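In case you want the letters, here they are:
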Amino acid sequence: MLKLLKYEFYNMFRNKWIVFYFLFFLILTASLFYFAKEPAKVVSTLLQIVILVVPLISLILGTIFMYDSRNFIELLLSQPIDRKKIYISKYLGTTISLSVGFILGVLIPYLYVLKNPDVKGEHILYFSLIISGAFMTFIFTAFAFFISTFFEDRVKGFGASILLWLYVTLIYDGIILFIIIYFREYPLEKPVLILSMLNPVDIARIFVILKLDMAALLGYTGTIFKQFFDTKLGTMTSLSVMVLWIVIPLITGLVKFSKKIFKQEVKMKKRIFVITMAISFSASGGITQEEIDSNPILKGKMLAKKCSWCHDINKNLVAPPFKVILERYKSVPENTLRKQFFEVIKNGSKGRWKEWMKENLKIKMGRLDSMYMPPQKEYYNDEEINLILDWLFSLKK
Amino acid sequence: MVRVKNLYKRFGKFEVLKGISLELTKGKVTAILGPNGSGKTTLIKSILGLVIPTSGEIYVKGIDVRKSWNYRKFIGYMPQLAVFPENLTVRELINMLADIRKEGFNPNIKEEIVERFKLSEYMEKKIKNLSGGTKQKVSALITFMFDPEIYFLDEPTVGLDPVSSSFLKDLIKKQADRNRLVVLTSHIMSEVEEVADEIVFLLEGSIYITGSVEEIIKNSGEKNLERAIAKLMEKGYHA
Chain A
59 MLKLLKYEFY
69 NMFRNKWIVF
79 YFLFFLILTA
89 SLFYFAKEPA
99 KVVSTLLQIV
109 ILVVPLISLI
119 LGTIFMYDSR
129 NFIELLLSQP
139 IDRKKIYISK
149 YLGTTISLSV
159 GFILGVLIPY
169 LYVLKNPDVK
179 GEHILYFSLI
189 ISGAFMTFIF
199 TAFAFFISTF
209 FEDRVKGFGA
219 SILLWLYVTL
229 IYDGIILFII
239 IYFREYPLEK
249 PVLILSMLNP
259 VDIARIFVIL
269 KLDMAALLGY
279 TGTIFKQFFD
289 TKLGTMTSLS
299 VMVLWIVIPL
309 ITGLVKFSKK
319 IFKQEVKMKK
329 RIFVITMAIS
339 FSASGGITQE
349 EIDSNPILKG
359 KMLAKKCSWC
369 HDINKNLVAP
379 PFKVILERYK
389 SVPENTLRKQ
399 FFEVIKNGSK
409 GRWKEWMKEN
419 LKIKMGRLDS
429 MYMPPQKEYY
439 NDEEINLILD
449 WLFSLKK
Chain D
42 MVRVKNLYKR
52 FGKFEVLKGI
62 SLELTKGKVT
72 AILGPNGSGK
82 TTLIKSILGL
92 VIPTSGEIYV
102 KGIDVRKSWN
112 YRKFIGYMPQ
122 LAVFPENLTV
132 RELINMLADI
142 RKEGFNPNIK
152 EEIVERFKLS
162 EYMEKKIKNL
172 SGGTKQKVSA
182 LITFMFDPEI
192 YFLDEPTVGL
202 DPVSSSFLKD
212 LIKKQADRNR
222 LVVLTSHIMS
232 EVEEVADEIV
242 FLLEGSIYIT
252 GSVEEIIKNS
262 GEKNLERAIA
272 KLMEKGYHA
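Listed in order, the protein sequences are those of chains A and D. This note's numbering applies: residue 59 is where the first sequence begins, and numbers increase by one. This note's numbering applies: residue 42 is where the second sequence begins, and numbers increase by one.
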């Protein structure tokens, strides 16, 4: 398991997405510190962005990674490794890498600013921001993994991830707002508190806002929240609810994954099917069976498909092309040549083209001895050979 | 070595395997044949535990595959389409799998295959930069380097050049001589005729015919396996 994790990290840290993610937060935080020198102000702006970006990126990258490694997971599954361990190490590899990218990106500018003695550090505030961000990474990657295990189809998986993101960041707050306005005559603090607990993004937001001394902005509800969250019970409850938000999707996904059926990816098969169809269609030039049956030359061409593994019409493959053969014997009358070719196709031949092959195919002398035209009598009867010859001689014209 | 008893598998309404029972013995190369969609890959994946059967029992060396995952240490599986983590180099991938699996890893076999497939120049290249044929060679390498007792090879020679393909076929035959069990699927009948001892022919999820290659050719009255199988398939469709 540790080994799996080790390689998961190894692969992750070479992934350009993680580097972009890190650079995004680095540049963002650095520019925020450049404009607003005070850490408290930076945190309040950063919080709004973190709350939107971290769930979105965790969901999308989690889904991408899971779908992209489908085939590799299949390879690992055929090795003597427990399925659960594969899932967990993939999860830890993704979440830890994403968290490290986020934390370093946010932390480095802060530590740099702290070098200036005039700036007052806001360690607790900054710490709670980092904790919230890390928690959200773990929560939403767990959701992403659950979603991509659940949906076989990549497009559906992405759709579900985006919907979930819209729901937790926008729609859910809309619903709460609606409830507050609609029931404003009633004491709402406790229901709203409970409702907020049901959305991981809200918990993270409240968790940081209350440390910001901006609770007053939230009015009476804010005071109630502060009373609750400032107690040990409050902190413990919000932390354990966040842990639950990780554990529930993670375990559900894990159970689903242990029972999952790994078929060949459907799309891949379809694509191959289309390609094969296209090839066989173009090879036959889109001709129907009836046309082939009624035209002996076409029939010969179809039969000669096996010949085309070694003989092209014009190009040098591993045997002389048909046109070259015809050119070489052009002075021989067709009837004599026909008998000779018939014999060669039926019983094979060796040595006639040695010099030509040496010159044109750049084959070494030693290997030339092992190359010859094998007898085809096992594959074609006399009538079929004649059809092939009809087609072959038609190339002359 | 491998025993399958009354295996059924249903994907939704579609019944892919309809009561398959078979016993695979070591020292032989068994080819599972059948038209597209006859259940070949599903059968192999069920034995590997990648597909969970609707009902039926599978034992690998006496171990019930539903109750354990450890039996896979006896098995080497080469999938139809090999896909590996793209950012690793070939050497890293090999070291990683050797590190994770350990059991049976044989550096001598590895070296031999690397040499015969001429893979040494690709060892430091990233997997995403490899051609399809080279990926297939890497896939063969990581299947054979653990020297397993049981091989499952899903269309092993697809995409290989003639030299590599004949080396791989020799390697397959050698495993049977070393008393290993080899199971393969292929659509190239001349290749099957060359390497396989036994044939299991699937048609619409059931075993249509099984027997040795010679028996099947002899009973059909045809000249070679390709013709014999073509005849069987025609009969199967008209029956």
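Simulated from the structure, these hints should not be mistaken for laboratory data. Remember, it's a predicted structure, so these values are computed and weren't measured experimentally. Please note: incorrect hints may appear among the correct ones.
For lysine to any residue, the following SDA-like pairs were computed, each having C-alpha atoms within a straight-line distance of at most 20 Å [stated by the list, open to error]:
hint, chain 1, residue 1, chain 2, residue 2
1, D, Lys108, A, Ser316
2, A, Lys404, A, Ser366
3, A, Lys142, D, Leu138
4, A, Lys142, D, Lys169
5, D, Lys176, A, Asn69
6, A, Lys61, D, Trp110
7, A, Lys435, D, Lys272
8, D, Lys264, A, Gln434
9, A, Lys64, D, Lys264
10, D, Lys108, A, Pro138
11, D, Lys167, D, Arg132
12, A, Lys74, A, Leu162
13, A, Lys363, D, Ile229
14, D, Lys167, D, Asn149
15, D, Lys169, A, Leu162
16, A, Lys173, A, Ala94
17, D, Lys214, D, Gly252
18, A, Lys373, A, Asn353
19, A, Lys317, A, Ile139
20, A, Lys64, A, Asp126
21, D, Lys264, A, Leu361
22, A, Lys364, D, Asn265
Some residues of chain D that are not near chain A, with every Cβ distance over 10 Å (derived) [claimed, not checked]:
hint, residue
23, Lys59
24, Glu64
25, Asp105
26, Lys114
27, Ser205
28, Ser261
Just so it is clear, CB atoms sit at the ideal spot from N, CA and C, and this is done for glycine as well.
Results of checking the hints against the structure:
no. : hint                   : result
1   : D:Lys108 with A:Ser316 : holds, 12 Å
2   : A:Lys404 with A:Ser366 : holds, 16 Å
3   : A:Lys142 with D:Leu138 : holds, 18 Å
4   : A:Lys142 with D:Lys169 : violated, 27 Å
5   : D:Lys176 with A:Asn69  : holds, 18 Å
6   : A:Lys61 with D:Trp110  : holds, 18 Å
7   : A:Lys435 with D:Lys272 : holds, 18 Å
8   : D:Lys264 with A:Gln434 : holds, 12 Å
9   : A:Lys64 with D:Lys264  : violated, 55 Å
10  : D:Lys108 with A:Pro138 : holds, 13 Å
11  : D:Lys167 with D:Arg132 : holds, 9 Å
12  : A:Lys74 with A:Leu162  : holds, 16 Å
13  : A:Lys363 with D:Ile229 : holds, 15 Å
14  : D:Lys167 with D:Asn149 : violated, 23 Å
15  : D:Lys169 with A:Leu162 : violated, 29 Å
16  : A:Lys173 with A:Ala94  : holds, 16 Å
17  : D:Lys214 with D:Gly252 : holds, 18 Å
18  : A:Lys373 with A:Asn353 : violated, 26 Å
19  : A:Lys317 with A:Ile139 : holds, 15 Å
20  : A:Lys64 with A:Asp126  : holds, 19 Å
21  : D:Lys264 with A:Leu361 : holds, 18 Å
22  : A:Lys364 with D:Asn265 : holds, 16 Å
23  : Lys59                  : holds, 17 Å
24  : Glu64                  : holds, 21 Å
25  : Asp105                 : holds, 15 Å
26  : Lys114                 : violated, 4 Å
27  : Ser205                 : holds, 15 Å
28  : Ser261                 : holds, 14 Å
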